[in-house]
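Colleague: Line order of the protein sequences matches chains F and B. Throughout the first sequence, residue numbering follows numbering that gives the first Met the number 0, covering 0 to 298 in sequence. Throughout the second sequence, residue numbering follows numbering that gives the first Met the number 0, covering 0 to 312 in sequence.
Quick caveat, the hints were computed from the structure, so don't treat them as lab data. Quick reminder that beta carbons are idealized off the backbone N, C-alpha and C, glycines included. Among these hints, one or two may not hold up.
[Unchecked claim] Sample of chain B residues with no beta-carbon within 12 Å of chain F, all distances over it, derived: (1) Asn41; (2) Glu49; (3) Thr53; (4) Gly77; (5) Leu105; (6) Gly164; (7) Leu173; (8) Ser176; (9) His211; (10) Asn233; (11) Pro263; (12) Ala298; (13) Ala301.
[Unchecked claim] Stretch by stretch, here's where chain F covers chain B in the computed footprint (C-beta under 8 Å, at least three residues): (14) 12-22; (15) 143-154; (16) 268-274; (17) 277-288.
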Amino acid sequence: MNRGKTIGRLLGIVRRDPLAAAAFLFLLLLAIAALFPEQIAAMSPNRPSRLRLLPPGDVYLFGTDQFGRDIFARCVHATSVSLLVGLTTVAIALLLGVPLGAIAAFRSPGKIDSGIMRTMDVLMAFPPIVLAIAVVAALGTQDIEIGPFTVPHITKVMVVIGLLNVPKVARIVRASVLVERNEQYVMAARAVGASEARVLFREVLPNCASPVAVYATLLVATSILTEASLSFLGLGIQPPQPSWGGMLADSRTYVMSGQWWLTVFPGLLIFLSVAAFNLAGDLLRDALDPAQITRRGDA
Amino acid sequence: MIGFLAGRAASLALVLFGASILIFLVVRALPGDPAVALMTQNATPEMIAEMRRTLGLERGLPTQFALWLGGALGGDLGRSFMFSMDVSALIGERFPVTLHLALTSLAIALAIAIPTGVLAAANKGKALDHLCRVVAMVGISMPVFWQGLLMILLFAVTLGWLPPGGYVSPASGLGDSFAHILLPSVALGTAYAATVMRMLRASMLDVLGREHIAVARAHGIPERTLVWRDALHNAAIPTLTAVGFSFGYLLAGAVLTEVIFNLPGMGRLLYESILARDYPLVQGLVLLNVAVFVAINFAMDALYVALDPRIRR
Numbered sequence: 000m001n002r003g004k005t006i007g008r009l010l011g012i013v014r015r016d017p018l019a020a021a022a023f024l025f026l027l028l029l030a031i032a033a034l035f036p037e038q039i040a041a042m043s044p045n046r047p048s049r050l051r052l053l054p055p056g057d058v059y060l061f062g063t064d065q066f067g068r069d070i071f072a073r074c075v076h077a078t079s080v081s082l083l084v085g086l087t088t089v090a091i092a093l094l095l096g097v098p099l100g101a102i103a104a105f106r107s108p109g110k111i112d113s114g115i116m117r118t119m120d121v122l123m124a125f126p127p128i129v130l131a132i133a134v135v136a137a138l139g140t141q142d143i144e145i146g147p148f149t150v151p152h153i154t155k156v157m158v159v160i161g162l163l164n165v166p167k168v169a170r171i172v173r174a175s176v177l178v179e180r181n182e183q184y185v186m187a188a189r190a191v192g193a194s195e196a197r198v199l200f201r202e203v204l205p206n207c208a209s210p211v212a213v214y215a216t217l218l219v220a221t222s223i224l225t226e227a228s229l230s231f232l233g234l235g236i237q238p239p240q241p242s243w244g245g246m247l248a249d250s251r252t253y254v255m256s257g258q259w260w261l262t263v264f265p266g267l268l269i270f271l272s273v274a275a276f277n278l279a280g281d282l283l284r285d286a287l288d289p290a291q292i293t294r295r296g297d298a
Numbered sequence: 000m001i002g003f004l005a006g007r008a009a010s011l012a013l014v015l016f017g018a019s020i021l022i023f024l025v026v027r028a029l030p031g032d033p034a035v036a037l038m039t040q041n042a043t044p045e046m047i048a049e050m051r052r053t054l055g056l057e058r059g060l061p062t063q064f065a066l067w068l069g070g071a072l073g074g075d076l077g078r079s080f081m082f083s084m085d086v087s088a089l090i091g092e093r094f095p096v097t098l099h100l101a102l103t104s105l106a107i108a109l110a111i112a113i114p115t116g117v118l119a120a121a122n123k124g125k126a127l128d129h130l131c132r133v134v135a136m137v138g139i140s141m142p143v144f145w146q147g148l149l150m151i152l153l154f155a156v157t158l159g160w161l162p163p164g165g166y167v168s169p170a171s172g173l174g175d176s177f178a179h180i181l182l183p184s185v186a187l188g189t190a191y192a193a194t195v196m197r198m199l200r201a202s203m204l205d206v207l208g209r210e211h212i213a214v215a216r217a218h219g220i221p222e223r224t225l226v227w228r229d230a231l232h233n234a235a236i237p238t239l240t241a242v243g244f245s246f247g248y249l250l251a252g253a254v255l256t257e258v259i260f261n262l263p264g265m266g267r268l269l270y271e272s273i274l275a276r277d278y279p280l281v282q283g284l285v286l287l288n289v290a291v292f293v294a295i296n297f298a299m300d301a302l303y304v305a306l307d308p309r310i311r312r
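Put together the whole structure using the sequences plus the hints.
Modeller: Have a look at this one:
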């Protein structure tokens with residue numbers, strides 16, 4: 000993969016397509032909000048006040064919640080948690096899924112391949128949100144003490160969502176490696192005496208990077224959505240730490256009394272973040288595989 | 000064909016067995032002792048021990064698993080602690096609600112996805128195609144719980160057109176039942192519609208680019224007939240199987256929808272049973288979810304074989 004050419008193509012697409020430009024701009028804003036929340040939101044996200052359930056205005060851009068807390072500040076501070084969960088879970092999925100899929104493909108057909116892929120099939124038979132709810136509930140919403148270490152609840156959530164994504168990554172990698180392993184350059188590497196491990200990790204895997212990169216970008220969107228769903232059900236990020244899903248869960252009480260701002264803003268941020276990562280995944284696919292550009296928008 | 004299906008059945012049975020072990024182990028890891036949860040605060044250690052014996056919790060894990068799996072195969076999923084009734088009976092009571100929701104959502108999804116998918120493919124690269132692409136992206140990225148809350152705000156609170164939640168069985172009045180199931184079905188169905196629409200569009204584009212369509216076009220067959228009859232017929236096969244595979248996820252997606260709209264279905268029951276540490280109920284519901292998923296997979300394999308003669312050979 001020629002990285003310079005890919006970035007050039009990506010910039011070309013962003014220049015031509017206003018939707019792509021908007022998606023990347025939004026992702027940039029998200030990153031800034033996640034890195035510098037105090038500079039963007041002047042108020043504390045957790046400090047209550049007597050100004051309860053104020054509608055959006057000049058001072059409180061997104062209004063205040065049932066405890067008089069600034070919803071804008073809470074939304075901004077929740078950005079880092081959502082991005083952290085989205086990116087870490089994908090890193091976990093890649094860390095385990097890439098070697099598993101690659102080894103399965105390299106040993107296919109065989110017992111190792113069957114063993115790995117049947118295990119992945121078992122995990123994929125569970126609807127993801129059902130398995131996530133069951134496992135997070137099994138582990139509890141409290142921090143866990145393991146010897147001298149304390150594992151925060153958010154780490155458990157990230158590990159669970161990450162593990163749920165491992166089978167999907169393993170399948171994509173296996174399919175790509177199965178195609179690549181019969182290419183001439185692989186045979187050439189074998190012919191000059193390269194070890195199996197070297198052929199797999201130095202020759203084959205770098206050539207499978209494109210589909211994995213595209214899928215990983217789309218997985219960030221899915222992971223953000225899963226974390227928000229768990230937080231909405233009270234199993235994700237625990238209060239008082241702000242999270243978009245948790246804020247939506249709190250807003251349920253006030254839906255019937257018409258305090259729309261409690262529902263609209265956190266949900267809008269989840270929606271825009273997921274949409275931006277989905278669009279970025281599509282665009283990355285176009286940039287990495289120019290043959291696809293003629294079929295823009297194909298599912 | 001029989002050999003292929005037998006192979007798939009054996010493979011899926013293995014998946015179901017592996018999943019049942021995983022379900023059993025995960026549920027056993029749920030925090031807290033269910034025997035304690037069932038007793039009053041004044042319960043003596045002897046009473047708790049007696050309750051543990053009654054529930055079979057003092058036996059070894061392999062014995063507990065064998066007993067549970069043997070019972071499950073015979074339709075006995077144990078007794079719910081929370082509801083004091085058989086899990087199978089409880090599931091039988093709640094399943095129709097979730098099925099009603101899933102089928103209505105499926106109908107809404109197909110009603111949106113088929114015309115938009117076909118029109119987008121037939122107008123590839125034009126404004127209509129771009130519009131459909133944007134709408135599909137919105138549908139896929141919209142969290143179902145946010146969409147549900149927004150719809151309650153608009154249609155129930157602001158406009159007062161539809162009830163904000165609850166369930167009325169079709170047997171108690173079709174109109175009232177439809178009014179109650181409409182909002183949750185639209186919330187669940189639109190995300191599904193976006194997925195199906197993208198699949199159908201891709202399949203249609205593939206079919207429309209084939210030679211037999213070009214030949215038919217050269218023979219002067221009207222474009223409308225080509226698209227809606229010939230191409231759609233061919234594109235429907237892969238889309239139909241994909242629709243089936245996703246139906247299992249639709250049933251599972253009902254968890255959030257049922258919680259928001261207060262529907263007494265299996266999804267809300269699963270959520271409540273996890274919070275109440277009701278082991279037998281959690282196990283039964285998750286196992287049923289996986290079993291439905293596996294059964295749909297098998298049905299889709301069989302359908303694919305029946306529809307595609309190349310696999311039959």
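Colleague: Each of the hints needs a verdict: does it hold here or not?
Modeller: Status of each hint after checking the structure:
| no. | hint | result |
| --- | --- | --- |
| 1 | Asn41 | holds, 26 Å |
| 2 | Glu49 | holds, 26 Å |
| 3 | Thr53 | holds, 23 Å |
| 4 | Gly77 | holds, 16 Å |
| 5 | Leu105 | holds, 16 Å |
| 6 | Gly164 | violated, 10 Å |
| 7 | Leu173 | holds, 26 Å |
| 8 | Ser176 | holds, 22 Å |
| 9 | His211 | holds, 20 Å |
| 10 | Asn233 | holds, 17 Å |
| 11 | Pro263 | holds, 17 Å |
| 12 | Ala298 | holds, 15 Å |
| 13 | Ala301 | holds, 18 Å |
| 14 | 12-22 | holds (count 7) |
| 15 | 143-154 | holds (count 6) |
| 16 | 268-274 | holds (count 4) |
| 17 | 277-288 | holds (count 3) |
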